[in-house]
Amino acid sequence: MSLTSGAAAAIAPNPHSGPARREAAPEVDISKMIQVRPRRWGRMTAVALIVLILAWLTKAFAEGNIAWDVTGDHMFWPTILKGVWGTIWMSIACMIMGIVIGVVCAVMRGSPNPVLRWVAIGYQWFFRGTPVVLQLLIWFNLALVFPYMGVPGIGSARTVDLITPIVATLLGLGLNQGAYTSEVVRAGLLSVDRGQFEAAQAIGMGYWTSLRRIILPQAMRVVIPPLGNEFIGLVKMTSLASIIGFSDLLRSVQDVYYLNARVIELLMVAAAWYLVVVTILSIGQSALERRFGRGFASGVRTE
Amino acid sequence: MNARGMTAMTDAAAPAAAPIVSGRKVGKLFGDFRALTDVSIDVAEGEVVCIIGPSGSGKTTFLRCINQLERIDNGALWLDGELVGFRLEGERLHPLPDGEIARQRRKTGMVFQRFNLFPHMTALQNVSEGPVQVLGESRAKATERARALLTRVGLGDKTDSFPKDLSGGQQQRTAIARALAMNPKVMLFDEPTSALDPELVGEVLAVMRDLAREGMTMIVVTHELGFAREVADRVVFMDQGRVVETGPAHALMDTPQEKRTRDFLRSVTHKD
Ligand SMILES: Nc1ncnc2c1ncn2[C@@H]1O[C@H](COP(=O)(O)OP(=O)(O)OP(=O)(O)O)[C@@H](O)[C@H]1O
Ligand SMILES: [Mg+2]
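Chains as they are written, first to last, in my numbering: chain U, 1 to 303; chain P, 1 to 272.
Hints are computed from structural coordinates only; laboratory data are not their basis.
Since the model is a prediction, treat every value here as computed from it, not as a measurement.
Among the hints, a few may not be true.
As the list claims (entries may be wrong) - The calculated label-pair distances, taken between Cβ atoms and stated as ranges, are:
id, chain 1, residue 1, chain 2, residue 2, range
1, U, I280, P, G215, 31 to 37 Å
2, U, I280, P, P198, 52 to 58 Å
3, P, G215, U, I96, 37 to 43 Å
4, P, K164, U, A93, 36 to 42 Å
5, P, P95, U, P131, 54 to 60 Å
Using N, Cα and C, we set each Cβ at its ideal position, and we do this for glycine too.
Construct the complete structure from the given sequences, taking the supplied hints into account.
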């Protein structure tokens, strides 16, 4: 039936024709039929395009001035592996610091106690308001402000001996991360319905138990994707610590190419390792999301 | 029964047996708005009291004051012989610390209109969480008790379901089991069936009816007049934050003394 005649029929039904005549439904069992896969032309075009671009890129890099065998040879050099390790453990340490500080700070911001609230706000204000490179440099040069540090009655030491590149990096990146993570955690806390807190209180739970058992586990579900983001950002941010002498991946790659001058080859080594680390992290994130997503039905596909 | 029907009477003299819940001229302000004015209600042990009244009359607010989700501004509330939320030393009133408030709350079990189950826990975990975290029961014992409670509300086969996989009626019955797990002395219900599809109302009311029969003290805010008539010992009618009339269920509903009660009952029955 053509569109026009259909429309006309709908608007002005012929008063003389009876009710629309329909065949009795024929016996069909769809599970006995041959399924025709729908052709997804858009998808196929996209795949073709992507393959083309990848092929072109591969060709360009293969023919370019990169000695890939040199890259391969350096992947597992001890210096490089030490750098990879430095990046990994520093990221983990700073993330743990960030999460602990972030949770404490987010809870403080939601606290009825104005003193706690303002301490948290002040902390965020300072650490989010200044570049992280600047914070790293300040920590590293703390000796210029306080030549000696110590606890009265217990002892003191020269600041230069205390604030090593490792300590300065931990403080710089960890405290900075805490300020950002606290906002992520706070968003998670805000996402939990007020009724949850009341239900917890109604069965006699105290503030902290409610937070730990009821509110935070539900907030985690919302918090994990942006937290994964933060973690990945942090892995790459450790490279900033090379300016104060921390031996991360980028730093060790540079150490090597200062000696052998294979700059691009070694940068590719670093790129490959960063990708490996971030890939592993993303897999861990999916596992965590499944763990904390239990009991929730999401309207959109989440993976 | 009829003798202590009128509010004026309960105001003047407490009933012979000390009531387990006793509101004396309770007042509650939200900013400048008076949500409760001079609310006096006594509930004896084992008694079922239904509170009815139009929307916004303060029924929810009164329940929330009893389990201290809100703090009252006037009068006094007594629960199981204790002043709710404060310690009185002569003329001096000390607000209770959080731990004490939590302890008082344990005397009441609250069932919310919107269930408020913990979505990240199974039905069983929802019920056993309080006993483990608050009462310090062992996980094994609490789980066993939770299973028995869920069976009692007819959910023995749903123990491992998450709330999202339960129907509204099943969720509300889980919520009742969760409240019962704390061995409360008084159960508070805030319109427990009004968020449910009509065909699910019956199963929740049946559980509540059983509870009443077993002698549980209950304060039930409800629009289910049939339930109130059948189960309640007394019915309290509230309007604009005040108790207008209270009396035995049949007396209040068949021969209401106040015009406002009559109007309300008529409007509700006509809606059906
Ligand atoms: N947190 C609050 N802040 C301000 N006003 C409030 C608050 N809670 C309740 N109220 C007001 O107090 C009055 C009583 O509310 P309440 O929820 O107790 O009524 P209700 O009798 O339970 O009504 P319903 O049958 O609709 O549930 C209402 O006018 C409401 O707007
Ligand atoms: Mg209400």
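query: Honestly, which of those hints from before does the structure not fit?
result: 1, 3 and 5
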